[in-house]
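Chemist: Listed below, chain by chain, are the residues.
2 protein chains.
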Amino acid sequence: MNPIQRVAIVGGTHGNEFTGAYLVKKFEQHPNLIQRSSFETLTVFGNPQAFAAATRYIDEDLNRCFLMQDLQNADLSSYEAQRAKAIAQLLGPKGNAQVDVLVDLHSTTANMGLSLLLSARNSASLQLASHLSTINPLVKVCWTHPHPESMLLRSLCEVGIVIEVGPVAQGVLDAQWFQKTEELVHAILDYLEACNRGMTPLMQSPLTLYEFIGTIDYPRNSLGEIQAMVHPLLQGKDYEPLHPGDPVFLTLEGETIPYQGDNTVYPAFINEAAYYEKGIAMCLTQKQLITLENL
Amino acid sequence: MNPIQRVAIVGGTHGNEFTGAYLVKKFEQHPNLIQRSSFETLTVFGNPQAFAAATRYIDEDLNRCFLMQDLQNADLSSYEAQRAKAIAQLLGPKGNAQVDVLVDLHSTTANMGLSLLLSARNSASLQLASHLSTINPLVKVCWTHPHPESMLLRSLCEVGIVIEVGPVAQGVLDAQWFQKTEELVHAILDYLEACNRGMTPLMQSPLTLYEFIGTIDYPRNSLGEIQAMVHPLLQGKDYEPLHPGDPVFLTLEGETIPYQGDNTVYPAFINEAAYYEKGIAMCLTQKQLITLENL
Numbered sequence: 006m007n008p009i010q011r012v013a014i015v016g017g018t019h020g021n022e023f024t025g026a027y028l029v030k031k032f033e034q035h036p037n038l039i040q041r042s043s044f045e046t047l048t049v050f051g052n053p054q055a056f057a058a059a060t061r062y063i064d065e066d067l068n069r070c071f072l073m074q075d076l077q078n079a080d081l082s083s084y085e086a087q088r089a090k091a092i093a094q095l096l097g098p099k100g101n102a103q104v105d106v107l108v109d110l111h112s113t114t115a116n117m118g119l120s121l122l123l124s125a126r127n128s129a130s131l132q133l134a135s136h137l138s139t140i141n142p143l144v145k146v147c148w149t150h151p152h153p154e155s156m157l158l159r160s161l162c163e164v165g166i167v168i169e170v171g172p173v174a175q176g177v178l179d180a181q182w183f184q185k186t187e188e189l190v191h192a193i194l195d196y197l198e199a200c201n202r203g204m205t206p207l208m209q210s211p212l213t214l215y216e217f218i219g220t221i222d223y224p225r226n227s228l229g230e231i232q233a234m235v236h237p238l239l240q241g242k243d244y245e246p247l248h249p250g251d252p253v254f255l256t257l258e259g260e261t262i263p264y265q266g267d268n269t270v271y272p273a274f275i276n277e278a279a280y281y282e283k284g285i286a287m288c289l290t291q292k293q294l295i296t297l298e299n300l
Numbered sequence: 006m007n008p009i010q011r012v013a014i015v016g017g018t019h020g021n022e023f024t025g026a027y028l029v030k031k032f033e034q035h036p037n038l039i040q041r042s043s044f045e046t047l048t049v050f051g052n053p054q055a056f057a058a059a060t061r062y063i064d065e066d067l068n069r070c071f072l073m074q075d076l077q078n079a080d081l082s083s084y085e086a087q088r089a090k091a092i093a094q095l096l097g098p099k100g101n102a103q104v105d106v107l108v109d110l111h112s113t114t115a116n117m118g119l120s121l122l123l124s125a126r127n128s129a130s131l132q133l134a135s136h137l138s139t140i141n142p143l144v145k146v147c148w149t150h151p152h153p154e155s156m157l158l159r160s161l162c163e164v165g166i167v168i169e170v171g172p173v174a175q176g177v178l179d180a181q182w183f184q185k186t187e188e189l190v191h192a193i194l195d196y197l198e199a200c201n202r203g204m205t206p207l208m209q210s211p212l213t214l215y216e217f218i219g220t221i222d223y224p225r226n227s228l229g230e231i232q233a234m235v236h237p238l239l240q241g242k243d244y245e246p247l248h249p250g251d252p253v254f255l256t257l258e259g260e261t262i263p264y265q266g267d268n269t270v271y272p273a274f275i276n277e278a279a280y281y282e283k284g285i286a287m288c289l290t291q292k293q294l295i296t297l298e299n300l
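From first to last, the protein sequence lines stand for chains D and C.
With the working numbering applied, the first sequence covers 6 to 300.
With the working numbering applied, the second sequence covers 6 to 300.
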């Protein structure tokens with residue numbers, strides 16, 4: 006990894022995800038906590054108006070406003086489009102960011118523990134993720150195929166990482182997740198400091214990586230109304246294997262719907278509140294073991 | 006209890022409390038499930054627009070719109086004021102309701118299990134609550150001092166009961182809570198049917214009643230910003246004793262704030278998402294044992 010000069014910690018990208026929002030507020034008030042001697046750490050509060058209203062967003066999802074062409078489109082004037090441009094000006098531009106590492110703090114109603122979502126499968130991101138999952142076995146590492154254009158805030162930066170913690174209800178500040186997220190942020194900063202000093206910790210390979218391969222929506226009727234719930238046997242079972250034929254939904258009338266895929270998958274974001282409107286009941290991942298020597 | 010002629014089941018009073026909303030949708034589609042031979046059962050979907058937007062309310066909290074004077078005030082025209090008037094026309098008027106029993110289905114982010122909130126401490130409500138807590142020990146029974154004027158939907162009816170289940174995140178349909186709530190609704194209907202047939206079950210007294218005596222807000226600064234979280238040792242401990250000096254909050258900086266009251270209390274609605282804006286971190290209750298013979 007090249008020397009790290011600037012790191013950004015973003016919270017409150019979604020206004021009702023209080024863990025990251027209050028953590029950034031704490032860091033703003035006590036900047037010494039996130040300073041390290043070899044690099045500068047910035048904080049960004051993503052969506053102040055949505056936070057004030059305790060809602061995910063005002064006009065549209067801020068974390069879907071970072072398409073390059075949208076950032077360059079002066080006609081887009083929603084509150085979140087404006088916030089995205091302001092944040093891109095502060096941290097970007099895409100492909101040539103002013104920060105070397107970007108950590109975006111989120112929470113989820115799904116039972117995802119301490120999840121890291123990586124934008125890119127580059128060596129720097131994977132080394133960091135491997136380190137964090139080695140020192141804390143509760144850390145899970147997810148990765149999405151890189152789109153040529155990503156809408157996500159974390160795509161501003163080559164080493165863009167989301168910390169996704171849960172289960173936490175929207176609009177709730179949970180002390181335990183607040184503390185665990187803070188510990189993880191400190192572990193990231195300490196790791197980057199060690200890298201800068203040439204003391205990169207030796208990694209225990211292999212790294213377990215959950216690669217996003219698709220999504221499943223709730224069964225709906227022709228009006229789009231939900232007809233079935235996540236099955237009680239699947240609820241809360243993020244990152245556990247879902248085999249063909251396993252229960253995946255339960256209709257309101259009590260009928261079990263089995264998983265119809267051909268292969269075992271590992272669901273994540275199971276029953277995430279914010280994804281109902283996106284037509285996503287869960288994301289599916291493939292579990293991979295990656296040998297870091299091969300990076 | 007006088008013969009029951011009509012029972013109302015209300016769901017979706019808060020648009021992001023999906024358990025009751027989807028249960029009423031199910032009952033609307035399968036009305037036979039809630040019919041009993043000796044009385045009529047109606048369903049009411051409280052706040053359709055808020056449900057469509059997956060938010061608690063559009064303009065204001067519908068469950069605070071049932072003051073008699075507000076129901077009679079033609080100048081109040083918010084969406085929820087209009088819904089309250091429509092619901093009062095269907096089920097009310099207050100003091101002379103068209104239904105004998107009203108069950109309003111809610112959910113909470115607090116760990117309140119299967120809670121019954123009673124409007125009035127009348128014999129009919131207590132007998133019903135006692136029966137339900139006898140057949141299901143997970144049922145807790147709460148009671149608020151009767152205000153001469155209540156703002157709550159359940160105050161439309163003398164035997165007005167809220168079922169409050171949780172923890173469930175806002176905007177999430179959780180199959181287990183859906184099923185448990187449905188079972189409880191059936192237990193209520195079956196009990197009322199038995200009463201009408203003169204076969205009222207014998208009650209095991211005493212009944213444990215949690216009487217609301219006040220609320221505590223989060224510690225805030227002069228701008229109203231939250232400075233402390235519910236303490237991890239108290240999170241999820243609804244209905245458990247909180248003694249003077251016990252940890253109640255944890256500041257963002259990690260300092261424990263003890264409970265300053267003089268007496269042991271039993272908190273409920275601990276860290277309920279919807280109560281942040283109401284200035285309520287938790288409700289306090291006193292635990293009472295009531296001998297039903299004395300009713």
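Calculated from the structure, these hints are not laboratory results.
Some hints could be false.
Far from chain C, some chain D residues (derived; all Cβ distances over 12 angstroms) [as the list claims (entries may be wrong)]:
{"id": "1", "residue": "21"}
{"id": "2", "residue": "28"}
{"id": "3", "residue": "84"}
{"id": "4", "residue": "98"}
{"id": "5", "residue": "105"}
{"id": "6", "residue": "113"}
{"id": "7", "residue": "126"}
{"id": "8", "residue": "179"}
{"id": "9", "residue": "184"}
{"id": "10", "residue": "239"}
{"id": "11", "residue": "277"}
A partial selection of chain C residues facing chain D, derived with a Cβ cut-off under 8 angstroms [stated by the list, open to error]:
{"id": "12", "residue": "59"}
{"id": "13", "residue": "283"}
{"id": "14", "residue": "284"}
The structure presented is a predicted model; accordingly, all values stated were derived computationally and were not measured.
C-beta atoms are modelled at their ideal positions from N, C-alpha and C, and glycine is treated no differently.
Chemist: Now, for every hint given, state plainly whether the structure supports it.
Modeler: Okay, the hints, checked on the actual structure:
no., hint, in the structure
1, 21, "violated, 8 angstroms"
2, 28, "violated, 8 angstroms"
3, 84, "holds, 17 angstroms"
4, 98, "holds, 33 angstroms"
5, 105, "holds, 27 angstroms"
6, 113, "violated, 9 angstroms"
7, 126, "holds, 31 angstroms"
8, 179, "violated, 7 angstroms"
9, 184, "violated, 8 angstroms"
10, 239, "violated, 9 angstroms"
11, 277, "violated, 8 angstroms"
12, 59, "holds, 6 angstroms"
13, 283, "violated, 11 angstroms"
14, 284, "violated, 13 angstroms"
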